[in-house]
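Protein chains in written order, with this note's numbering: chain A, 1 to 413; chain B, 1 to 413.
What the hints contain is simulated information worked out from the structure, not anything from laboratory work.
Keep in mind the model is a prediction, meaning the values are calculated, not measured.
Hints are supplied without guarantee of correctness; some may be wrong.
If several chains are the same, the list does not tell them apart, and a pair holds so long as it fits within one copy or across any two.
Pairs of lysine to any residue residues, derived as SDA-like cross-links and limited to a Cα-Cα distance of at most 25 Å, are as follows [what the hints assert, rightly or not]:
#, residue 1, residue 2
1, Lys4, Leu74
2, Lys303, Leu347
3, Lys303, Ala42
4, Lys303, Ser35
5, Lys303, Gly208
So the chains spell out like this:
There are 2 protein chains.
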Amino acid sequence: MASKRTTVRDLRRHNRSLLLSKLYFDGPLSRHELSRLTGLSAATVSNVTGELAEERLITEAGLVESDGGRPRVLLRVDPGYGHVAGVDIGETGVRVELFDLAMRPLATVEHELSPARTEPGAVVEAVVSGLNEVLAGTGAETVLGVGVGVPGTVEQGAQVLVHAPTIGWESVPLTAELRAAGIQLPLFVDNGAKTQGQAEMWFGAGRGARHAVIVLVGSGVGAAVIADGATYRGSTSSAGEWGHTTIVYGGAPCRCGSHGCLEAYLGAEAVLARYRRARGKAVPGDSEREQFAALLAAADRSKTAQHVLAETAGYLGAGIANLINLFNPERIVVGGWAGLALGERSLPLIRDTAGAHALRHPFGQTSIELAQLGLDAVATGAGTLPVAALLDQGADPRLPAKGGALRSGAGAA
Amino acid sequence: MASKRTTVRDLRRHNRSLLLSKLYFDGPLSRHELSRLTGLSAATVSNVTGELAEERLITEAGLVESDGGRPRVLLRVDPGYGHVAGVDIGETGVRVELFDLAMRPLATVEHELSPARTEPGAVVEAVVSGLNEVLAGTGAETVLGVGVGVPGTVEQGAQVLVHAPTIGWESVPLTAELRAAGIQLPLFVDNGAKTQGQAEMWFGAGRGARHAVIVLVGSGVGAAVIADGATYRGSTSSAGEWGHTTIVYGGAPCRCGSHGCLEAYLGAEAVLARYRRARGKAVPGDSEREQFAALLAAADRSKTAQHVLAETAGYLGAGIANLINLFNPERIVVGGWAGLALGERSLPLIRDTAGAHALRHPFGQTSIELAQLGLDAVATGAGTLPVAALLDQGADPRLPAKGGALRSGAGAA
DNA sequence: AGCCTTAGTTCACTAGTTGATACATGGCGG
DNA sequence: CCGCCATGTATCAACTAGTGAACTAAGGCT
Numbered sequence: 001m002a003s004k005r006t007t008v009r010d011l012r013r014h015n016r017s018l019l020l021s022k023l024y025f026d027g028p029l030s031r032h033e034l035s036r037l038t039g040l041s042a043a044t045v046s047n048v049t050g051e052l053a054e055e056r057l058i059t060e061a062g063l064v065e066s067d068g069g070r071p072r073v074l075l076r077v078d079p080g081y082g083h084v085a086g087v088d089i090g091e092t093g094v095r096v097e098l099f100d101l102a103m104r105p106l107a108t109v110e111h112e113l114s115p116a117r118t119e120p121g122a123v124v125e126a127v128v129s130g131l132n133e134v135l136a137g138t139g140a141e142t143v144l145g146v147g148v149g150v151p152g153t154v155e156q157g158a159q160v161l162v163h164a165p166t167i168g169w170e171s172v173p174l175t176a177e178l179r180a181a182g183i184q185l186p187l188f189v190d191n192g193a194k195t196q197g198q199a200e201m202w203f204g205a206g207r208g209a210r211h212a213v214i215v216l217v218g219s220g221v222g223a224a225v226i227a228d229g230a231t232y233r234g235s236t237s238s239a240g241e242w243g244h245t246t247i248v249y250g251g252a253p254c255r256c257g258s259h260g261c262l263e264a265y266l267g268a269e270a271v272l273a274r275y276r277r278a279r280g281k282a283v284p285g286d287s288e289r290e291q292f293a294a295l296l297a298a299a300d301r302s303k304t305a306q307h308v309l310a311e312t313a314g315y316l317g318a319g320i321a322n323l324i325n326l327f328n329p330e331r332i333v334v335g336g337w338a339g340l341a342l343g344e345r346s347l348p349l350i351r352d353t354a355g356a357h358a359l360r361h362p363f364g365q366t367s368i369e370l371a372q373l374g375l376d377a378v379a380t381g382a383g384t385l386p387v388a389a390l391l392d393q394g395a396d397p398r399l400p401a402k403g404g405a406l407r408s409g410a411g412a413a
Numbered sequence: 001m002a003s004k005r006t007t008v009r010d011l012r013r014h015n016r017s018l019l020l021s022k023l024y025f026d027g028p029l030s031r032h033e034l035s036r037l038t039g040l041s042a043a044t045v046s047n048v049t050g051e052l053a054e055e056r057l058i059t060e061a062g063l064v065e066s067d068g069g070r071p072r073v074l075l076r077v078d079p080g081y082g083h084v085a086g087v088d089i090g091e092t093g094v095r096v097e098l099f100d101l102a103m104r105p106l107a108t109v110e111h112e113l114s115p116a117r118t119e120p121g122a123v124v125e126a127v128v129s130g131l132n133e134v135l136a137g138t139g140a141e142t143v144l145g146v147g148v149g150v151p152g153t154v155e156q157g158a159q160v161l162v163h164a165p166t167i168g169w170e171s172v173p174l175t176a177e178l179r180a181a182g183i184q185l186p187l188f189v190d191n192g193a194k195t196q197g198q199a200e201m202w203f204g205a206g207r208g209a210r211h212a213v214i215v216l217v218g219s220g221v222g223a224a225v226i227a228d229g230a231t232y233r234g235s236t237s238s239a240g241e242w243g244h245t246t247i248v249y250g251g252a253p254c255r256c257g258s259h260g261c262l263e264a265y266l267g268a269e270a271v272l273a274r275y276r277r278a279r280g281k282a283v284p285g286d287s288e289r290e291q292f293a294a295l296l297a298a299a300d301r302s303k304t305a306q307h308v309l310a311e312t313a314g315y316l317g318a319g320i321a322n323l324i325n326l327f328n329p330e331r332i333v334v335g336g337w338a339g340l341a342l343g344e345r346s347l348p349l350i351r352d353t354a355g356a357h358a359l360r361h362p363f364g365q366t367s368i369e370l371a372q373l374g375l376d377a378v379a380t381g382a383g384t385l386p387v388a389a390l391l392d393q394g395a396d397p398r399l400p401a402k403g404g405a406l407r408s409g410a411g412a413a
């Protein structure tokens, strides 16, 4: 079932996108190498790269001598072509970062949100002032777009609607509200787990994989599924809600209202509750993270802590096995603050449990790795959204996409 | 991350495919309507349909008067252009069917396999003789290709390898063996659940959906995931192994070697075992299917049977909820002989349990329906594989695919 | 200096889509 | 019954884009 007509123009766009993406991820490369890697003729490569260079999207990046012949001119995407902003709307604060095209961070601002102040108005205000602060040095003209990661599901449609129960949002038209607050840059809104997943795919443990699942364990439990190189979204962009799949039928109640969800066993809160019960007294530490750290520290000597962690690794392994059986990925990346902490300690155990629960064949095709990026990756991933639009279109997302837009991923609005 | 270079030829192929698919699924249509529906210009539609008509792929199918103007000429794919064969390799027998292009069955042959005779050699022999019988009337020249559905996972690569533990197959190079046995037609091998799912998508309860999951409950439990109109395969085509996802951590042992798999609760065998235990005595009936029918019949009067069925609907609902949370489909189709029987009786209950376990938002976007095709749909679905190749390429799969093949789905070999 | 090797560019050619225009076909009013 | 009009389909020149082959560029080697 083919989907859309194609014209000669789409052809050019596709090949521009192809060359630009190759240069972005594998650059710098010479025209000759580009020709070999993409299968395009040398003539076309010359032609298209010429066009891209004229638009200042790519620049020359030195020469490499070739054995005895004319040296190759290396080309690369110009990191200074423009900037992108990434916004991480979290449960406790808003983080705004400015990056160059190569996703090197240039400026960062964080705004705390008091627990009572997570309503859309307050958040939008925090985002806008954060953006203004971050852009103070450079000015908005150079910015290709703003990516926003939110802690909930995002319905991409004519209106971008955000549903985020943890901060009390229900069908919030975030793009519209940001526009109303004066943001005129192209906006890309996506789920935070998905943006973090994309960051890990581009720059972290997911590099090079076409099929992967990035698993995020923190207070909540989520996942980002990458299918054939692109974030899997399903029909209304709420795919990948791994945390609320049932792993113990008829089991423990979950904050989502159901029972036996993976999150009710694997989320930091649930793990600490089990530890508390097993221990018979409170766990030291004020915040969830401190308590979790205490649990990990205790594991060196306490059988109880060891048992709780092993149990948790078991649930994680079984949950991962489900992902392997259903999605048949090449790679599973374990991240999130609790997931990383757990993984650093018990990755072999997690691998074993996953192997015990998954089918032999798909399990054999999958490697299970730890995430490589820090916990700020949500903002980085959000920043990649405008870059992805640039690479997909093969052109600046600020320009009107001439011809039938073939955009995939989070749509600009 | 774009994937492949594009040339003008690809363009033509894509548009041919687009028009051919539209005509196949929504035809008969006039050129004018085609132009409107696909966005292609009238000129191109004329040009391409002319080419297709010359190749006898499409024919005229009557006129429709238009209010006051020249009547439209309706076009459609010619069902008589050629035939396709579908092969269902099951655990107990091999079924071979011949279809015309519109997938109307023309001939059917079944070969029983005695339980001891499921080794590749015997099966290949049964397939070859079945094909010969089915083709006796028409001859092989008209056949575009043979689709084969197998009860296991299919690794699509340079070699097509089949892993099917239930019939004792381990890395069987089925395509190569069929070739060695003298089959020279294009071959398409895929997992039986996936072919059945494709049949349901094309002609059954899945029609019109772009994101759906076809759930199959019989002795085993499987699923076919359709993402954006195409069967989701993952990195090595073994995605969708829903039956062996864990639904009760640490639960009942499963024949796959793991514990707590959905199949160990929802498979016919498991359901009957629960019924037997609850009842305290053997269930009447020789075969699994007869016993299952007895269970359903008993449910009108027996509390025990009712309870067992309700429990089963609960597991099914929770399993479906997991699919909804992970894949966010528009539609779930419940099929398989046990699934259909169960669904006919308890669909509302299944819907309710799914709703209780799934997140509200994705659940609200999903409808849960019963499969519409009979149990022979595996062969029908297998037969759609060559047709899909025809539609995807926009040309006869027997012809060498000129230019870089852009084939998706099960590759021909 | 001349030749070889490798990189990149130019150009004529081909494929393909499009808008404009021409042609075809039937209904309908006079 | 004839011409007009509306609608559907075909044709054609214009334009875009990718390709192979010939050509130019740039360096090393003898």
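**Study point:** Non-conforming hints, listed in increasing numerical order
**Key:** 3, 4 and 5
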